[in-house]
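Number of protein chains: 4
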Amino acid sequence: MATHYDAAIIGGGIIGLSTAYHLAKKNVKVALFESGKVGKKASQAAAGMLGAHAELEKPGVFFDFARASQSRYPTLAEEVKEISGIDMNLKTGGILKLAYSKEDIESGNQMNRLDSVVWKSKEEALAMEPSISESILGASFIEDDIQVEPTKVCKAFAKSARLLGADIYEYTPITAIDTDSAAITIKSQNETFSADQLIVASGVWSGHFFQQLGLEKKLYPVKGECLSVWNEDIALERTLYHEHCYIVPRKNGRLVIGATMKPGDWDEEPTLGGIGAVMKKAASMLPAVTRMKIDTFWAGLRPETEDSTPYIGKHPNDNRILFAAGHYRNGILLAPATGSMISDLVLGKKVNQEWEDAFAIKDKERQVI
Amino acid sequence: MATHYDAAIIGGGIIGLSTAYHLAKKNVKVALFESGKVGKKASQAAAGMLGAHAELEKPGVFFDFARASQSRYPTLAEEVKEISGIDMNLKTGGILKLAYSKEDIESGNQMNRLDSVVWKSKEEALAMEPSISESILGASFIEDDIQVEPTKVCKAFAKSARLLGADIYEYTPITAIDTDSAAITIKSQNETFSADQLIVASGVWSGHFFQQLGLEKKLYPVKGECLSVWNEDIALERTLYHEHCYIVPRKNGRLVIGATMKPGDWDEEPTLGGIGAVMKKAASMLPAVTRMKIDTFWAGLRPETEDSTPYIGKHPNDNRILFAAGHYRNGILLAPATGSMISDLVLGKKVNQEWEDAFAIKDKERQVI
Amino acid sequence: MATHYDAAIIGGGIIGLSTAYHLAKKNVKVALFESGKVGKKASQAAAGMLGAHAELEKPGVFFDFARASQSRYPTLAEEVKEISGIDMNLKTGGILKLAYSKEDIESGNQMNRLDSVVWKSKEEALAMEPSISESILGASFIEDDIQVEPTKVCKAFAKSARLLGADIYEYTPITAIDTDSAAITIKSQNETFSADQLIVASGVWSGHFFQQLGLEKKLYPVKGECLSVWNEDIALERTLYHEHCYIVPRKNGRLVIGATMKPGDWDEEPTLGGIGAVMKKAASMLPAVTRMKIDTFWAGLRPETEDSTPYIGKHPNDNRILFAAGHYRNGILLAPATGSMISDLVLGKKVNQEWEDAFAIKDKERQVI
Amino acid sequence: MATHYDAAIIGGGIIGLSTAYHLAKKNVKVALFESGKVGKKASQAAAGMLGAHAELEKPGVFFDFARASQSRYPTLAEEVKEISGIDMNLKTGGILKLAYSKEDIESGNQMNRLDSVVWKSKEEALAMEPSISESILGASFIEDDIQVEPTKVCKAFAKSARLLGADIYEYTPITAIDTDSAAITIKSQNETFSADQLIVASGVWSGHFFQQLGLEKKLYPVKGECLSVWNEDIALERTLYHEHCYIVPRKNGRLVIGATMKPGDWDEEPTLGGIGAVMKKAASMLPAVTRMKIDTFWAGLRPETEDSTPYIGKHPNDNRILFAAGHYRNGILLAPATGSMISDLVLGKKVNQEWEDAFAIKDKERQVI
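Protein chains in written order, with UniProt numbering: chain A, 1 to 369; chain B, 1 to 369; chain C, 1 to 369; chain D, 1 to 369.
Hints listed in this document are in silico derivations from the structure and should not be mistaken for laboratory results.
Hints may contain errors.
To give an idea of the chain B side of the interface with chain C (calculated C-beta under 10 Å), a few residues [said to hold, decoys possible]:
| id | residue |
| --- | --- |
| 1 | V61 |
| 2 | M261 |
| 3 | M279 |
| 4 | R291 |
| 5 | M292 |
| 6 | K293 |
| 7 | F297 |
| 8 | V351 |
| 9 | Q353 |
All residues carry an ideal CB built from backbone N, CA and C; glycine is no exception.
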């Protein structure tokens, strides 16, 4: 007899784990299937900068969703630490989004008008962080854009979900899905499970399941290459950001530096060229990095959708099936709100209508947001 | 338009790579699809001991096939080195299969009667390898059981196949196979290919494809944990073997030591208990290992079938589809003969009838050999 | 002109760093010279168990000194975190000293009579830590024997000392010492320094400086081999201890396991035999470790003196020269009290007379304590 | 009683090991003392390019010595392989010294007139190595500038010396030298040895021994940062060289790339800035490296003298003491001739007078060569 679950999740990255946690908290009998180990791949590769402003820049539904997700982190961190004993290492300090040119300043103007953003002159920015490059013209300071340690977030969600009753199956790739009966049948190499509802949260590898489940939605990898260095020299409290590159200071003195954007590259290892480019960019933001010792380097594949908006919602033709994939550069940031929204949908609760529309899996093009 | 191939191989371990090489050599237009990088997983984890006698012990069809495969290595090594410049690091020296008890001696008697095996008394064995344990009663010496470096064998096959025209796609998991048309359709995440014939060679992960292709054949992982040490002290020319454990001396002074057998364990990392057990066994064969420095440790999943015999041959109901999987502990040993046999089947050539029968994928039980 | 210091320290392990910190706090102009990087070697190899009871067992001057040092840690941790921002990761929970035999129980009786120690029956011990071996007869529970992370302690001392004005010279081996003038001259490869007072704190490498400074005190290495594993399975709050072996649970789920004792071995890398022995011992205390994943392994050289008591005090014939070396298994534990005592001696303050006598560098044998 | 040797060597880098080998071959009873492990530090960091021409450029005594040393490698490699079984992995192919400007061409003119050097036009160079940068104007091709693997050379010398009777003491820093008696007394931490002759070969750390032995010769570190990548794409047979940077292709597909030159830096770890600079330089020689996967990175300290010429010869005031140090960028290249020359001096044989003069340790300035 197949073991039966209320809900089954495919994918043990940060989105799947957040979803498992949110469902288990509501006493849903949930299983999560991961082909390798949980919390690896893109989730592990992320820097953990919760850059709602830095990354998204302009107001709208997506920004609103991101801000809501970001604002859940402090409470969530306490909640899962209480359950699991694991600290997400949430670190405040904010982000300084550096401007080197008039174009940089102009492109930041819309963001700068938000209450949560303060424009700092060159002198003010250097007073805050004396080690940043003297070539800047100024910087937008976003105090709310905090950071977490993604591997800790994943561990904390996984352990909390387990302690709340979720079953997490590692090294268990799903090889077949049968939706013909009332309960969905899910097969791994050697076992068969059934579930009332199924959530696909496999990051860039979700395309395969969209296909299997009759939808022509593709996901594209955008490879990001990163490195980290040990800072024993200088004070750096805030994350530095410019044109999708960032330097994130960890509590233990490590600086996490990223990232390239290489669309269409499925290879999960960094190249000399990619790491060289990130090094150069980092030195242009924080010249002192050139004197620092290299810790390590790595890469991850961000899951990008055709219109750069994640798929969060139900299968258009089978409402037992849900998707939570395509979070691109924002998986860590969006994990709390995504997990919570999927949990509400599974339980038949009402969710924010604007969000539901914006992230819906539709047959035709969505309006880009 | 889908790119078309004469033959497509799923799986870039040593079996898939040997098959790709043998087909490319015959001018077959061949593609190999690997979900990660070629030559990893079980192929990389292997020690490379070509232990036709040590592992198989008794004569029969399987032993015959293994000996045939083993005997191809020297020529094959030269051939691919010529093409690719890569050396398989074939090392002679043979294997000493140690006997510690009367039971060990008795169980080796059948093997010892073979021309290729010579029984050595304790004194003779210690004269050959003065560092082995004084607790032995004697040893079977098998001069033909040589060794190669599996990662080099894989690299050599891969590069040679490429140079002979094969297309090798890494990071390309196959997500769907359609056998309804004359040409088989093979889909990856983002591309579609077609092929006249399809070979499944995905090791323990082949079960999934058997299932998809309508066959109820399962593959089981048997996890093996290994470690290596640096030998700067003692002379050791021959591989030592006892009860599925071995110490393989590499040319560069590294000793490769393995392996546990943990059936049903899909986890690809070694545990403290497994590595501890291998260390203990190694010390009982070669006491000097306790003084050596540890290099590293790892694990691999050997693909085991229900009757411990690999599947090499055609789909019983669709002769465009072939399988080469389930080589258990003997993937490196059997790669040459397997690649050659599959190549012959693809080209419609006659193959050894006994082998074809022994390794056939049948609906009912095969006679265990 | 040689740069002049009030006090110069040779050696950047935990003892030298604690001394630098305590001196800098008192506004002494201090330099520390380290031939490599600070906080490495034996200091980095230590598990950080502050086992005043577990290691010392019987009351006396040494135990008294150890308890005094241990009790400084909580305040010290806050103090240096305030200055440096670095957390020593002090973790409470205490130590369970396991007893497997009547001999174990008897040898613990003297310790068990202390107020700080509570004897727990087998049932009580298993109720506290359900995963420990069922073979125990009981355990001594020492709540005060807490732990820190040695690398963090070293980093925190080093950064705090620097911020308080100390100069820390890494990669600066001292090649000559000249005590003929009023100020002591200290030469590195390419620079010359002078100092009013000199402190030798080079661990097992201090023997060389004793010799150079006219004293026939030798230091012996006692090599300790360790490993760590990842615990994702079981709850373990307390450090487990038996016959100089221990399992220390870190906050992040890592268990640090040690250690062998190999006197006279100067080699700083672990051997297969040493790691195998530690694994076996760990499994006898906590059977679940056999299922855990190995993180890494390493070794360190503990600095042992002829009478197993550290040298902390002045040169018998030259009171400008001080020694703080030979802390054997207890460097982390004794660092606060040692640094403080040396600081007092440098400043001409009165120190505890019993301690001064016990750790004095005398020509004749000291009374073993 | 102190163990007595005919000759004692301090330093187990490539120079000390070559000297030990050459002395042991002549039946001299020799000991080598190394503070850590043999064959590490600068010897391990080297790429192994035997660039007599590429590095030295102009004829003269030094060039002559370098060419003599280089020409010994093929015979030496066979000789030590015969003894030790270890292959130095000598690889032919030669060096292409790239010219990007008229200045490059002019500065190479003197070298190009040598019989061993052939000027290649841009077209000819690209025909030889199609992957090199199209920005070159041409290249000097030096067929004799071969390569070896430095770690293998060290292992081969060490094992051969041992097998010929040398005693090699690792983890044995020398803490005192006494030259007052007829036999020189050498002390380590815990043992005393005596020797008729003493050879100092401690690389950049030799300055200390010069000082102790009454000579005011200093050695300066010139830090070099390197990295290696895996080449699976392109053919590259020859070492590429430009302005002290190089790309050395190993037999196994690894490209070794170096190196920065940072005078006065004693820190043995690479920085982000250093590795970034080497990456950039590599891409300017071989654009395809940007697509390659990084293997690892490291640094070493080259031992530089005041006049950039090594010290090879006797102490001016005590002919029982010899030095072989300060080989800067050329330690691997010069090891055979240096070991042989020191061996001859120890045995009282005549050596090439020009070389003896050029490398002599004199009180006054040597004529720069």
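query: What hint numbers does the structure not satisfy?
result: 1, 2, 8, 9
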